[in-house]
Amino acid sequence: MTSTSSSDRIEIDVEINGRRRAVVVNARDTLADHLRNDQKLTGTKLGCEQGVCGACTILMDGAAVRSCLTLAAQGDGRSIRTVEDLSEGSSLSPLQEAFKKHHALQCGFCTAGFLMSATELLESNPSPTRDEVVEALSGNFCRCTGYQTIVAAVLDASEQIGNANG
Amino acid sequence: MDNPHFNSPPITRNMIGKRVPRSEDAKLLTGRGRYLNDIDVEGQLHACFVRSPAAHGRILKIDTSVASALPGVHLIWTSADIESQCAGMEAQFSADGCLPMTMPLLAKDVVRYVGEPVVLVVADSRAVAEDACDLIGLDLEDLEAVLDPRASIQGGPVANGERPDNVGIRGHASFGDVDEAFNNAAHVVSALYHPGRVAAAPMETRGCLADYDWAQDRLKLWVSAQMPHYVKLCLNLYLGFDESRCEVISPDTGGGFGQKAHVFPEEMLMPLASKHLRSPIKWVEDRRENLLAGSHAHEQFVTIEYAANADGRITGVRTHALVDGGAYHMPPQTMAVESWCTAAVTPTGVYDIPATEYVYEAAVTNKCPMGAYRGVGYMAGTLARECLMDDLGRKLNMSPFDIRRLNVVPEFPWTNPQGIVFDEGSWLETINVLEEMVDYPAFLKRQAEARKAGKYLGLGISVFVESSGESTGMLKAHGMHEIYHDTATVKMDSSGSVTVTSGLNSQGQGHETTLAQVAADVLGVSFESIVVDAGTSTKGAYGSGTVGSRAGVIASGCVNRAAYAIREKLVAVAANMLESSEDDIVLENGMASVAGAPESQVSIADVAMAIYWDESLWPVGFEPEMEFTKAWDTSRPMFSNGGHAMIVELDPATGFVNVEQVFSVEDCGVMINPTIVEGQIRGGVVQGIGLGLFEQLVYDKDGNLSTTSFLDYQTPTMDVSPPFEIRHLETPSKISASGVKGMGESGLIAAPAAVLNAVNDALAPFGSVLYELPATPEKMMRAMQGLVDLEGPEPWSKLWERAGVEPRESGSMETA
Ligand code: FES
Ligand code: FES
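Chains as they are written, first to last, in this note's numbering: chain E, -16 to 149; chain V, 27 to 842.
Since the hints were made in silico from the structure, they are not lab data. Be careful, since some hints might not be right.
Stated by the list, open to error - Taking CB as the label site, the calculated pair distances span:
#, chain 1, residue 1, chain 2, residue 2, range
1, E, Ala46, V, Asp160, 56 to 64 Å
2, E, Gln143, V, Glu116, 53 to 61 Å
3, E, Gln143, V, Ser520, 36 to 44 Å
4, V, Gln811, E, Ser110, 39 to 47 Å
5, E, Ala46, V, Asp168, 43 to 51 Å
6, V, Asp160, E, Val6, 23 to 31 Å
7, E, Asp44, V, Tyr638, 34 to 42 Å
Stated by the list, open to error - Quick partial rundown of chain V residues pointing at chain E, CB under 10 Å, derived from the structure:
#, residue
8, Pro47
9, Leu55
10, Thr525
11, Ile715
To be verified - Chain V regions said to be covered by chain E (calculated; three or more residues, Cβ under 8 Å):
#, segment
12, 57 to 63
13, 276 to 288
14, 532 to 543
15, 731 to 737
Cβ atoms here follow ideal geometry from the backbone N, Cα and C, with glycine treated the same way.
Build out the structure end to end from the sequences listed, making use of the hints.
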């Protein structure tokens, strides 16, 4: 068994927001570190680095993952999506629009995590019930909004997306 | 004194009052917000701290030799390295009886709480800095940890040698004939309330980035703070930088809630280290540090006692507030504000109580210093007042609505026993509306049926009046001599678009949107033509801080005055262009027109163009400046009011309390943006539910904090957060811009009392009453067995003796 030292570097092949590239990462870095520091994708936030608050949630092969608990090296061969990938051209996605409409964000620090968790939910379950939304998003912390408007936004977005898809 | 800057020019409302979606949102929703840790400066280094592992100990030796040799480590400082540069941060609150204390930037000789910064390490990366911290040896000799504020306030082992008696503040006052009220009372009720120790825990932790440029002798400091101008002043007061050579920059901020309304040692150390190393240095704490050392809040022991006549009318109130202050005054808020505010400001609330007497104290202990968190002092005071009101109601068999209606102030203006005048309010109506919203008779029926089925529902209400827009007027009303200083700059370009700069920055409250709404109405231009810079740099307008529910009121007051000065310019030139009298000019929808002759009009953009570029259209003697900075303040205090009702269900099998529904009534005068007001209510109330049911910072018997992650310190999540029904009342202020009032703190001020009252209503069949928060499942299981850890209040004779008050008959009766 080989041990890693704090200065080890590892080469990985990773797709981030639709772009595939080979990158060299620090063995000790988390995926959040890599996204934020190396890729300059700072939309992904760190609220605890303890795996609890959900602010760092990203999608890895479509599944919501805490990037503070995932090593950068684990991104090898995976497809990653972050909040920067959600908007379409220069317009907000229906989910983002719904957050704006319902005042589902105040300081915005938790927002990327909520958007990514909600994206996972809506992609796997396009018409969730209120309880399903609460179940899916109760691992994301928000200190500002009191949550009610976030629930409303996700339910509204699911309706808008459903209507758009006819 | 009636200064011109107390004046609020009238505004014709158009955008004010509309549910305008926030202009901030697109940026924040797409990951384009720039928060502190998203900002990098070329060549920056990273800081990390060795923090005290002990609650109280003498520093025998700090061994940095191994750490210094680690590649990538550039600086290691202990207190000895900075002593000559900064003697620490002295703080003192101006209420009677507050004693100053000095917080060192790095612990010198003695550590006084777990988490206190002891050694600063600067390295190439945060990871290397953390590695180096692990290699630093810290030898401590244990000193006795002083952890019980009720013991330490009486003397004994000393928590911090600077206050050998452990007293951070001690004072008292009496207004009206309290003795008569208690001596003649038909009923006396009293209780000791204990809201637990909590943390504001904004989702973004604290942090700063200092960049000192030696070639120009300039310092830039990015900091996640609610009082950036005060931080700049501290760079001068504590570190000796010229303020003119400093710029403090406020990036997007991930919540503050009072925690970021302090100046922290870490924020003073980065500029010093940056100057020393001639490199930019970033410090961003992790969640553990935030919970250990980011300031704690709200924990108090509040004894409150009402004297009432036979009908239940309260004739006098006595309050003793004791805060567990931690090891230092956290500048500038200090531990003193918390208990002083509870005792001096909150006891009468919305009730017509003619006499009040109080004692306030802060006990120095070996814990993280007490700081500000939404509703400083107000929360604990409202908890005590509103919960004792329910006790009185229970004793007299009156509903929570009836007992409050009996005691509420009937008409305005009302002067409280301290002589503070309340100009207006909807205090009675709030109680009536809450009762209607919860449909009280229907609730009672449902509760009775549920009980038969073994389900325990509870209804709790809480009504409040809050200081709205902390201002000079408010300080003066409390006999303090300080004033506030706030300005805004409004500038109209030659093409008619407008830039507004406020001195008050936002931590999520949406100033960019609300201040644009106000400016649009003052100038008669579209919302879209206005760009707001909400306090992003101290190069702009000045601000005393986004604290005390003040930004909406104070910033809009400043914007109103500055925009009005431009409005006068527009009106003068438009009148000249339209050959009409200035009095007849109407500015609306981007046009200047003549009242009664709307066809006689010119666009505001054309008027602006004329002011910049066409002298021929000016009236005689016209001065063409189109950029004004104006201050605004109030000479009188201003108050908003409201209330919350909550329905909870107690699960008898687990002791878990679930909040089923919240009903909120808010009267913050004219609302600039009701959507934002409602967001503040929901957010604050859910923080109050956290304080009421879940959140608790726990120290073990040695003074170690055992709640250092979000797993242990449980802020509410979506599954425990209730739906809301919100009703607005509107009693405009006569002195603010457009009649607005502040309300940012109201949710957390009043929600915990509603939680505790609801919990106690649910517990009624078990014959138990709780006086302590949070009402965790463990406490509820015990309460259902009739086991409540109820500590009696300290006798008044003892409190008076400590406070140096003439002893006399207290007239108190012991309560059950
Ligand atoms: S930062 Fe990853 S869960 Fe909190
Ligand atoms: S919007 Fe501030 S933490 Fe959620």
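Hints versus structure:
no. : hint                               : verdict
1   : E/Ala46 with V/Asp160: 56 to 64 Å  : violated (34 Å)
2   : E/Gln143 with V/Glu116: 53 to 61 Å : holds (56 Å)
3   : E/Gln143 with V/Ser520: 36 to 44 Å : holds (42 Å)
4   : V/Gln811 with E/Ser110: 39 to 47 Å : holds (45 Å)
5   : E/Ala46 with V/Asp168: 43 to 51 Å  : holds (49 Å)
6   : V/Asp160 with E/Val6: 23 to 31 Å   : holds (28 Å)
7   : E/Asp44 with V/Tyr638: 34 to 42 Å  : violated (58 Å)
8   : Pro47                              : holds (5 Å)
9   : Leu55                              : holds (4 Å)
10  : Thr525                             : violated (23 Å)
11  : Ile715                             : holds (9 Å)
12  : 57 to 63                           : holds (count 6)
13  : 276 to 288                         : holds (count 5)
14  : 532 to 543                         : holds (count 4)
15  : 731 to 737                         : holds (count 3)
When held up to the earlier numbered hints, the structure conflicts with 1, 7, 10 and fits the remainder.
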